[in-house]
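**Student:** Sequence:
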Amino acid sequence: MRPLSASLVILSLAGGLLTASLTAAQNDSLEAREIASLLFTSDSFDPVFSQAAKVGTSIMKVGLEGRLGRQLSEDEARRLEEIFTRAAKEVIPRSDFEAHYVDLLVQHFAPQELKDLAAFYRTPLGAKVLRFSSVMIAEGNAGVQRILKAHERDFHERFRAEFMREFPALRQELERQQRR
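Heads up, the numbering used here is the position in the sequence shown plus 2, with the first residue counted as 1.
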């Protein structure tokens, strides 16, 4: 299977895992549906899609670069991410994400906890917490990227050493391919 095709299959499977249909438990919890709806306002939904686009794009980028035999330029990588985000928003309805979160909320919170949580999110402080969560996603991810970048070289060296030790047969196969 070609790298791009494998990437698309992986993304399709990941997208399938994110979507969920309404269950009987969801129908029993108006609070869970209200909370999920509040969690996925446009302020919080866009950063979630942006992060998903970064992950999806990195997978697709590797496949494309392998097929092209070169690295994508920064502009090409940026445009690829924009295409991924746009296509995902057009194809995957927000309601699928909300339904998935309703399932999670119903699984992990008791009915009274859901009522209390919904009541809290209706307060000014609760609304602020929801707004702040989108800031945390966007700014938190940017901070994580900076931290990872600062340690990128050390990580690559350590990962390479561990990989070579753990997979000697793969190492030999890679070395043979590089000599060709």
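Calculated from the structure, these hints are not laboratory results. Heads up, a few of these hints could be off.
Stated by the list, open to error - Within a straight-line C-alpha distance of at most 20 Å, the following computed DMTMM-like cross-link-like pairs (lysine to aspartate or glutamate) qualify:
#, residue 1, residue 2
1, 56, 36
2, 63, 154
3, 56, 141
4, 151, 36
As the list claims (entries may be wrong) - Simulated DEER-style distance windows between Cβ atoms:
#, residue 1, residue 2, range
5, 67, 129, 57 to 67 Å
6, 75, 127, 14 to 24 Å
7, 43, 154, 33 to 43 Å
8, 73, 113, 44 to 54 Å
9, 43, 143, 12 to 22 Å
10, 156, 73, 15 to 25 Å
11, 69, 169, 18 to 28 Å
12, 181, 68, 12 to 22 Å
13, 156, 127, 53 to 63 Å
14, 73, 112, 45 to 55 Å
15, 124, 73, 43 to 53 Å
We put the CB at the ideal spot given by N, CA and C, even for glycine.
**Student:** The structure should be examined with respect to each hint, and the outcome stated for every one.
**Tutor:** Okay, the hints, checked on the actual structure:
1. Only pairs whose Cα atoms come within 20 Å are accepted, and residue 56 paired with residue 36 is rejected, the gap being roughly 28 Å.
2. Taking the CA atoms of residue 63 and residue 154, the gap is about 18 Å. The hint holds against a cut of 20 Å.
3. For the hint pairing residue 56 with residue 141, the CA-to-CA distance comes to about 14 Å; that is within 20 Å, so the pair holds.
4. Under the criterion of a C-alpha separation no larger than 20 Å, the hint pairing residue 151 with residue 36 is inconsistent with the structure, at around 38 Å.
5. Checked against the given bound of 57 to 67 Å, the beta carbons of residue 67 and residue 129, roughly 43 Å apart, lie outside it.
6. In this structure the supplied range 14 to 24 Å is violated for residue 75 paired with residue 127, their Cβ-Cβ distance being about 45 Å.
7. Between residue 43 and residue 154 the beta carbons are some 34 Å apart, a value that agrees with the proposed interval 33 to 43 Å.
8. The given range of 44 to 54 Å is respected by residue 73 and residue 113, whose C-beta atoms sit roughly 52 Å from each other.
9. Distance hint check: the CB atoms of residue 43 and residue 143 are about 18 Å apart, consistent with the given range 12 to 22 Å.
10. Look at residue 156 against residue 73: about 22 Å separates their beta carbons, and that is inside 15 to 25 Å.
11. For residue 69 paired with residue 169, a C-beta distance near 24 Å keeps the hint of 18 to 28 Å intact.
12. For residue 181 and residue 68, the Cβ-Cβ distance of about 19 Å falls inside the hinted range of 12 to 22 Å, so the restraint holds.
13. The beta-carbon spacing between residue 156 and residue 127, approximately 41 Å, falls outside the hinted interval of 53 to 63 Å.
14. About 51 Å separates the C-beta atoms of residue 73 and residue 112, a value consistent with the hinted range of 45 to 55 Å.
15. Between residue 124 and residue 73 the beta carbon distance is about 49 Å. The supplied range of 43 to 53 Å therefore holds.
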